[in-house]
Amino acid sequence: ETGVTQTPRHLVMGMTNKKSLKCEQHLGHNAMYWYKQSAKKPLELMFVYSLEERVENNSVPSRFSPECPNSSHLFLHLHTLQPEDSALYLCASSQDRTESPYEQYFGPGTRLTVT
Amino acid sequence: AQSVAQPEDQVNVAEGNPLTVKCTYSVSGNPYLFWYVQYPNRGLQFLLKYITGDNLVKGSYGFEAEFNKSQTSFHLKKPSALVSDSALYFCAVTPTGFQKLVFGTGTRLLVSP
Chain A
1 ETGVTQTPRH
11 LVMGMTNKKS
21 LKCEQHLGHN
31 AMYWYKQSAK
41 KPLELMFVYS
51 LEERVENNSV
61 PSRFSPECPN
71 SSHLFLHLHT
81 LQPEDSALYL
91 CASSQDRTES
101 PYEQYFGPGT
111 RLTVT
Chain B
1001 AQSVAQPEDQ
1011 VNVAEGNPLT
1021 VKCTYSVSGN
1031 PYLFWYVQYP
1041 NRGLQFLLKY
1051 ITGDNLVKGS
1061 YGFEAEFNKS
1071 QTSFHLKKPS
1081 ALVSDSALYF
1091 CAVTPTGFQK
1101 LVFGTGTRLL
1111 VSP
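Listed in order, the protein sequences are those of chains A and B.
Using the numbering used here, the letters of the first sequence map in sequence onto residues 1 to 115.
Using the numbering used here, the letters of the second sequence map in sequence onto residues 1001 to 1113.
Read the hints as simulated data drawn from the structure, not as lab findings.
Keep in mind that a hint or two might mislead.
Said to hold, decoys possible - Below 30 Å or equal to it, Euclidean Cα-Cα: the simulated BS3-like pairs (lysine-lysine) are:
1) B:Lys-1100 - A:Lys-18
2) A:Lys-40 - B:Lys-1058
3) B:Lys-1049 - B:Lys-1022
4) B:Lys-1049 - A:Lys-22
As the list claims (entries may be wrong) - Away from chain B, derived, C-beta distances all over 10 Å, residues of chain A:
5) Met-15
6) Asn-17
7) Gly-28
8) Arg-54
9) Ser-62
10) Glu-67
11) Asn-70
12) Ser-71
13) His-77
14) Leu-78
15) Thr-80
16) Pro-83
17) Glu-84
18) Val-114
19) Thr-115
Stated by the list, open to error - Okay, the calculated beta carbon distance ranges per label pair:
20) B:Asn-1041 - A:Gly-14: 18 to 26 Å
21) B:Ser-1084 - A:Ser-59: 36 to 44 Å
22) A:Asn-17 - B:Pro-1113: 40 to 48 Å
23) A:Arg-63 - B:Ser-1112: 37 to 45 Å
24) A:Glu-44 - B:Ser-1060: 24 to 32 Å
25) B:Ser-1060 - A:Gln-95: 16 to 24 Å
For glycine and all other residues, C-beta sits at the position ideal for the given N, C-alpha and C.
Produce the entire structure from the sequences given, and follow the hints as far as they go.
Now the structure itself:
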């Protein structure tokens, strides 16, 4: 699990705060992902970056803003969140190659609580 | 659109007994199928995947899964459960060559001593 790290592991923020989640992968992968995990719901894919270009944006509210400065780092900038945004946010990475399947490697997640 | 169903919220099994965690899928075209496991306060860990070929796929920690195209199922199995197998298990599917994984809601496996 040390292949993908996430900081912070826990975050409590008010609805007017601005914060950022950080993800770093040490696996040499070229694709990175943000997921939202809420209780009793499937993992929700939020964003996909492939070769540092955003290729997927799953109708995520604009209060979530991703940034991928290079293939090893991924950020999720948060502002004016709502209580229903409280969840576990998971980062993942994979080697993006369309000619063969891949598996994604996940970080431990950031537990976000919006008060 | 692709989807995954895990019909059981929880599966209970005694240590040493065989276990099965069910998964059915819906996807256009040929599927790539995955199983992941999540332990408390951890991210998801890859267990195994089906691409093509033999319908029985072997993975980590003694787990295996059987792909059944006619029943569109990909059930996870283990011949002898361990207490340490207790965790949350996710099935996922993606159409061939597409990077967007669709996950099920997860099944909690509880193995009692």
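Hints versus structure:
1. B:Lys-1100 - A:Lys-18: Distance of about 29 Å is within 30 Å: holds.
2. A:Lys-40 - B:Lys-1058: Satisfied, since the Cα-Cα distance of roughly 28 Å is no more than 30 Å.
3. B:Lys-1049 - B:Lys-1022: At roughly 15 Å apart (the allowed maximum being 30 Å), B:Lys-1022 and B:Lys-1049 satisfy the hint.
4. B:Lys-1049 - A:Lys-22: With Cα atoms ~28 Å apart, B:Lys-1049 and A:Lys-22 stay inside 30 Å; holds.
5. Met-15: holds (26 Å)
6. Asn-17: holds (24 Å)
7. Gly-28: holds (16 Å)
8. Arg-54: About 13 Å separates A:Arg-54 from the closest Cβ of chain B, which puts it past 10 Å; holds.
9. Ser-62: Holds, since 21 Å exceeds 10 Å.
10. Glu-67: Answer for A:Glu-67: holds, closest chain B Cβ roughly 19 Å.
11. Asn-70: About 19 Å separates A:Asn-70 from the closest Cβ of chain B, which puts it past 10 Å; holds.
12. Ser-71: Holds, since 15 Å exceeds 10 Å.
13. His-77: Answer for A:His-77: holds, closest chain B Cβ roughly 21 Å.
14. Leu-78: holds (19 Å)
15. Thr-80: For A:Thr-80, whose nearest Cβ neighbour in chain B is about 27 Å away, the distance exceeds 10 Å, so it holds.
16. Pro-83: holds (22 Å)
17. Glu-84: Holds, since 18 Å exceeds 10 Å.
18. Val-114: The assertion about A:Val-114 holds, with a minimum of 20 Å to chain B.
19. Thr-115: holds (21 Å)
20. B:Asn-1041 - A:Gly-14: 18 to 26 Å: holds (24 Å)
21. B:Ser-1084 - A:Ser-59: 36 to 44 Å: holds (38 Å)
22. A:Asn-17 - B:Pro-1113: 40 to 48 Å: holds (45 Å)
23. A:Arg-63 - B:Ser-1112: 37 to 45 Å: Since A:Arg-63 and B:Ser-1112 have Cβ atoms about 43 Å apart, the given range 37 to 45 Å holds.
24. A:Glu-44 - B:Ser-1060: 24 to 32 Å: holds (25 Å)
25. B:Ser-1060 - A:Gln-95: 16 to 24 Å: holds (18 Å)
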